[in-house]
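2 protein chains.
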Amino acid sequence: MAGDPALKIGLADIEAARSIIAGAVLRTPMLPAPKLSALTGAEVYVKYENLQVTNSFKDRGALVKLASLTDQERRRGVIAMSAGNHAQSVAYHSKRLKVPATIVMPVTTPFVKVAATRSYGAEVVLHGETVAEAEAQCEEIKAKRGLVLVHPYDDPRIIAGQGTIALEMLEEVPGLDVIIIPIGGGGLIGGNAIAARAKRPAIEIVGAEAALYPSVWNALHGENRPIGGPTLAEGIAVKNVGKLTLPIIRELVSEVILVDEAHLERAVNAYLTLQKTMAEGAGAAGLAAMIAKPERFRGKKVGLVLCGGNIDPRVLASIMVRELERDSRIVSFRLTIPDRPGVLGVIATRLGSLGANILEVDHRRLFLDVPAKGAKLDVTIETRDLAHAEEIMAALAADGYGPTRLEAGAAMD
Amino acid sequence: MAGDPALKIGLADIEAARSIIAGAVLRTPMLPAPKLSALTGAEVYVKYENLQVTNSFKDRGALVKLASLTDQERRRGVIAMSAGNHAQSVAYHSKRLKVPATIVMPVTTPFVKVAATRSYGAEVVLHGETVAEAEAQCEEIKAKRGLVLVHPYDDPRIIAGQGTIALEMLEEVPGLDVIIIPIGGGGLIGGNAIAARAKRPAIEIVGAEAALYPSVWNALHGENRPIGGPTLAEGIAVKNVGKLTLPIIRELVSEVILVDEAHLERAVNAYLTLQKTMAEGAGAAGLAAMIAKPERFRGKKVGLVLCGGNIDPRVLASIMVRELERDSRIVSFRLTIPDRPGVLGVIATRLGSLGANILEVDHRRLFLDVPAKGAKLDVTIETRDLAHAEEIMAALAADGYGPTRLEAGAAMD
Numbered sequence: 001m002a003g004d005p006a007l008k009i010g011l012a013d014i015e016a017a018r019s020i021i022a023g024a025v026l027r028t029p030m031l032p033a034p035k036l037s038a039l040t041g042a043e044v045y046v047k048y049e050n051l052q053v054t055n056s057f058k059d060r061g062a063l064v065k066l067a068s069l070t071d072q073e074r075r076r077g078v079i080a081m082s083a084g085n086h087a088q089s090v091a092y093h094s095k096r097l098k099v100p101a102t103i104v105m106p107v108t109t110p111f112v113k114v115a116a117t118r119s120y121g122a123e124v125v126l127h128g129e130t131v132a133e134a135e136a137q138c139e140e141i142k143a144k145r146g147l148v149l150v151h152p153y154d155d156p157r158i159i160a161g162q163g164t165i166a167l168e169m170l171e172e173v174p175g176l177d178v179i180i181i182p183i184g185g186g187g188l189i190g191g192n193a194i195a196a197r198a199k200r201p202a203i204e205i206v207g208a209e210a211a212l213y214p215s216v217w218n219a220l221h222g223e224n225r226p227i228g229g230p231t232l233a234e235g236i237a238v239k240n241v242g243k244l245t246l247p248i249i250r251e252l253v254s255e256v257i258l259v260d261e262a263h264l265e266r267a268v269n270a271y272l273t274l275q276k277t278m279a280e281g282a283g284a285a286g287l288a289a290m291i292a293k294p295e296r297f298r299g300k301k302v303g304l305v306l307c308g309g310n311i312d313p314r315v316l317a318s319i320m321v322r323e324l325e326r327d328s329r330i331v332s333f334r335l336t337i338p339d340r341p342g343v344l345g346v347i348a349t350r351l352g353s354l355g356a357n358i359l360e361v362d363h364r365r366l367f368l369d370v371p372a373k374g375a376k377l378d379v380t381i382e383t384r385d386l387a388h389a390e391e392i393m394a395a396l397a398a399d400g401y402g403p404t405r406l407e408a409g410a411a412m413d
Numbered sequence: 001m002a003g004d005p006a007l008k009i010g011l012a013d014i015e016a017a018r019s020i021i022a023g024a025v026l027r028t029p030m031l032p033a034p035k036l037s038a039l040t041g042a043e044v045y046v047k048y049e050n051l052q053v054t055n056s057f058k059d060r061g062a063l064v065k066l067a068s069l070t071d072q073e074r075r076r077g078v079i080a081m082s083a084g085n086h087a088q089s090v091a092y093h094s095k096r097l098k099v100p101a102t103i104v105m106p107v108t109t110p111f112v113k114v115a116a117t118r119s120y121g122a123e124v125v126l127h128g129e130t131v132a133e134a135e136a137q138c139e140e141i142k143a144k145r146g147l148v149l150v151h152p153y154d155d156p157r158i159i160a161g162q163g164t165i166a167l168e169m170l171e172e173v174p175g176l177d178v179i180i181i182p183i184g185g186g187g188l189i190g191g192n193a194i195a196a197r198a199k200r201p202a203i204e205i206v207g208a209e210a211a212l213y214p215s216v217w218n219a220l221h222g223e224n225r226p227i228g229g230p231t232l233a234e235g236i237a238v239k240n241v242g243k244l245t246l247p248i249i250r251e252l253v254s255e256v257i258l259v260d261e262a263h264l265e266r267a268v269n270a271y272l273t274l275q276k277t278m279a280e281g282a283g284a285a286g287l288a289a290m291i292a293k294p295e296r297f298r299g300k301k302v303g304l305v306l307c308g309g310n311i312d313p314r315v316l317a318s319i320m321v322r323e324l325e326r327d328s329r330i331v332s333f334r335l336t337i338p339d340r341p342g343v344l345g346v347i348a349t350r351l352g353s354l355g356a357n358i359l360e361v362d363h364r365r366l367f368l369d370v371p372a373k374g375a376k377l378d379v380t381i382e383t384r385d386l387a388h389a390e391e392i393m394a395a396l397a398a399d400g401y402g403p404t405r406l407e408a409g410a411a412m413d
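Heads up: the protein sequence lines correspond to chains A and B, in order.
My numbering numbers the first residue of the first sequence as 1 and each following residue consecutively.
My numbering numbers the first residue of the second sequence as 1 and each following residue consecutively.
Accuracy of the hints is not assured; some may be wrong.
Copies of one chain are not kept apart here, so a pair can be met inside one copy or by any two copies together.
In silico lysine to aspartate or glutamate, EDC-like type, Cα no more than 20 angstroms apart, as pairs [as the list claims (entries may be wrong)]:
#, residue 1, residue 2
1, K293, E133
2, K239, E261
3, K142, D155
4, K142, D312
5, K113, D327
6, K144, E123
7, K301, E139
8, K113, E323
9, K300, D177
10, K293, E382
11, K376, D362
12, K300, D327
13, K95, E171
14, K376, D312
15, K239, E407
16, K113, D312
17, K199, D327
18, K239, E360
19, K95, E325
Hints were generated in silico from the structure; no laboratory data involved.
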């Protein structure tokens, strides 16, 4: 394997990692997902890493790294820089093993993530506006206190730990044609590419990277696409490519697919509504790649690593409502109505008889831009589907209310 | 066992049912749920029946019943009355076995449920405003066409099929002290009580029934509590007690706990935010019983049957947002502001500097009840937690805006 040190991580290391984590990290379910198969035209199986204790795959690598420490290193403790799932996994398994853990996070980290990490007993140091500033602080504390760094991806033990997933997947479904794996720093895809290709050389490993953060794409294709911006997949929003992971990806991964925000959002929603499971943006990236390029996978036996479920409830609620709006199951429109007593009651009754469930009403009686003796009424209703929504709009038009459809949520703007 | 025909369903029937469904119904995961353990003070394990193909346990009994048909019965077909999970399971497995299926539903059934059932190839007959009217229609079609009725719970094969869940649970976690099982018609708890008590006589079986539908509670306690009303747990909102299931419950269930709507809502939210999985109200009833009576289960090894995940996305989104409001992570308040240009900008900037994320603003400049030269501004913000919300309110009070907290969602009413 070309003499590259990264590629010296082999199946034996991953099998050793598996013995280390046995009993302390969940062997998560690997299940057929017939509704996702119907959606994509492939035969889809899902590995539910969101059911790990800290709700992401990061538990695996973190434990393998912690288990490798000498007694002296254990006493001194470990340090990590992370605002996300890696922080929680390092904190959780450090506590289990009674290793003092320090986690450095940018000051902008959402409070819930700080609280979750502290709840596992780690010392959280909030420092810097950016990841780079937090990293510098991490390096400084590490040197000063003589701590061991637990890197989120660029470490052979982390890579070997994450690779245990593919061993479990192939034991459950030996005939997989493809495994699609989200790419952030590359630890997850690196370890699993090594394990899967060693066990089943014919298998394809496909990466799913956020289109806003095409770091590995750029490195592989010699391109210079812009990197940055707000993404639903903050768990894989990584600007730098791993020194150890990139050579593995070059060697063993057949293709990287870039997924945009709309695909990520649809994938999160599909996991929720079809599979009844909660995926964070990064966790849904593999399914997003299938939604983006269904023809690429049609008819194949595809394994998806649902690698994390830590999504903000408000973001998830908003994704669900937006999907209902796209399906016209929630519709907003503006009516022009005569401004006389009782009209609101007449319209509400009419909507009820049409089978519409009224969610919000804004009666703009006092606005200055309405004709004298007229008023605007903004209504948001729930319908059965697009056909039902159109039927309701047509009925209101026939009644003379001149309904005009508003953008989703606009009734309340 | 008292010579009662219902109690003649025994472990052998349930083990036979298990061979019948093997390979055609998922052996769902049974996993430790450490975060639910931390929430309740017990050692909690969850059986994920929401991961079945139709997302509920109903697949099990339906298939056992369908597999028992004679060739002639198969050709004529089956009929069922259900607006819920039972309809989808009968439709799905009938299609698999090429048995014609007719499903009778009340005309008020939500369109998505009709569509889901039709998507599995069943003929859906919409009839009657009530369940009773639909049942009468079901009986009429059954007689006329010579179909076999697939009852949702009062049938020995259905009961035996549902009982296969406990066999799987006890194989994974043999030392369970208690299994808590939602009660609707009693098929789920009946079958599993027989299986679990046969395999492990010391185990306790506890039922969780919706407080608005205390049919079994009334029968067991000789009470006459009112039955009815809108519930989040429509899957167990059953007015009649099963003729076969009630004697089993009497004999083998140690206690029935009534769960009210607030507990159901908290349980659905806990499954989502802590376990990253989607439970319908009925599916979360067991966890709701633990939340209602934590002392009853403290320190025990508890198995929960998460029996279904078919919850309306809009209901789920609303539950999530309400929980954020209860935690003061979403807060609405009304400010009194001087009505001059630029004030809105000043306040928005101030809120930003306090770390509040503005979700909604309603600037009531034109309202008639505001003092001349003054205006009301209703604001909904996202905060980190209650302490943060209070800090923001205090800062706005010190600024002279006289903030008054509004009821959740009231800013837009």
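Status of the hints after comparison with the structure:
In this assembly of identical chains, the alpha carbons of K293 and E133 never lie at most 20 angstroms apart, being 38 angstroms within a copy and 48 angstroms across copies at closest. Only within a single protomer do K239 and E261 lie at most 20 angstroms apart by alpha-carbon distance; the minimum there is 17 angstroms, versus 46 angstroms between protomers. In this assembly of identical chains, K142 and D155 lie within 20 angstroms of each other by CA distance solely inside one copy; the values are 16 angstroms within and 66 angstroms between copies. In this assembly of identical chains, K142 and D312 lie within 20 angstroms of each other by CA distance neither inside one copy nor across copies; the values are 31 angstroms within and 49 angstroms between.
Taking the shortest Cα distances, K113 and D327 sit within 20 angstroms of each other only across copies (16 angstroms), while inside one copy they are farther apart (33 angstroms). In this assembly of identical chains, K144 and E123 lie within 20 angstroms of each other by CA distance solely inside one copy; the values are 16 angstroms within and 72 angstroms between copies. Proximity of K301 and E139 under a CA criterion of 20 angstroms is satisfied in neither setting, with 44 angstroms inside one chain copy and 44 angstroms between copies. Taking the shortest Cα distances, K113 and E323 sit within 20 angstroms of each other only across copies (18 angstroms), while inside one copy they are farther apart (27 angstroms).
Taking the closest pair of Cα atoms, K300 and D177 come within 20 angstroms of each other only inside a single copy of the chain (6 angstroms); across copies the shortest separation is 44 angstroms, beyond that limit. Proximity of K293 and E382 under a CA criterion of 20 angstroms is satisfied in neither setting, with 32 angstroms inside one chain copy and 36 angstroms between copies. In this assembly of identical chains, K376 and D362 lie within 20 angstroms of each other by CA distance both inside one copy and across copies; the values are 8 angstroms within and 17 angstroms between. Neither within a single protomer nor between protomers do K300 and D327 lie at most 20 angstroms apart by alpha-carbon distance, with minima of 29 angstroms and 45 angstroms respectively.
Taking the shortest alpha-carbon separations for K95 and E171, neither the intra-copy value of 31 angstroms nor the inter-copy value of 30 angstroms comes in at or below 20 angstroms. Taking CA atoms no more than 20 angstroms apart as the test, K376 paired with D312 passes in neither setting, with 36 angstroms inside one copy and 31 angstroms between copies. Neither within a single protomer nor between protomers do K239 and E407 lie at most 20 angstroms apart by alpha-carbon distance, with minima of 35 angstroms and 43 angstroms respectively. Proximity of K113 and D312 under a CA criterion of 20 angstroms is satisfied intra-copy only: 10 angstroms inside one chain copy versus 28 angstroms between copies.
In this assembly of identical chains, K199 and D327 lie within 20 angstroms of each other by CA distance neither inside one copy nor across copies; the values are 43 angstroms within and 48 angstroms between. When the C-alpha separation of K239 and E360 is checked against a cutoff of 20 angstroms, the pair qualifies neither within a copy, at 42 angstroms, nor between copies, at 33 angstroms. Taking CA atoms no more than 20 angstroms apart as the test, K95 paired with E325 passes in neither setting, with 44 angstroms inside one copy and 32 angstroms between copies.
Hint check: violations occur at hints 1, 4, 7, 10, 12, 13, 14, 15, 17, 18 and 19; the rest are consistent with the structure.
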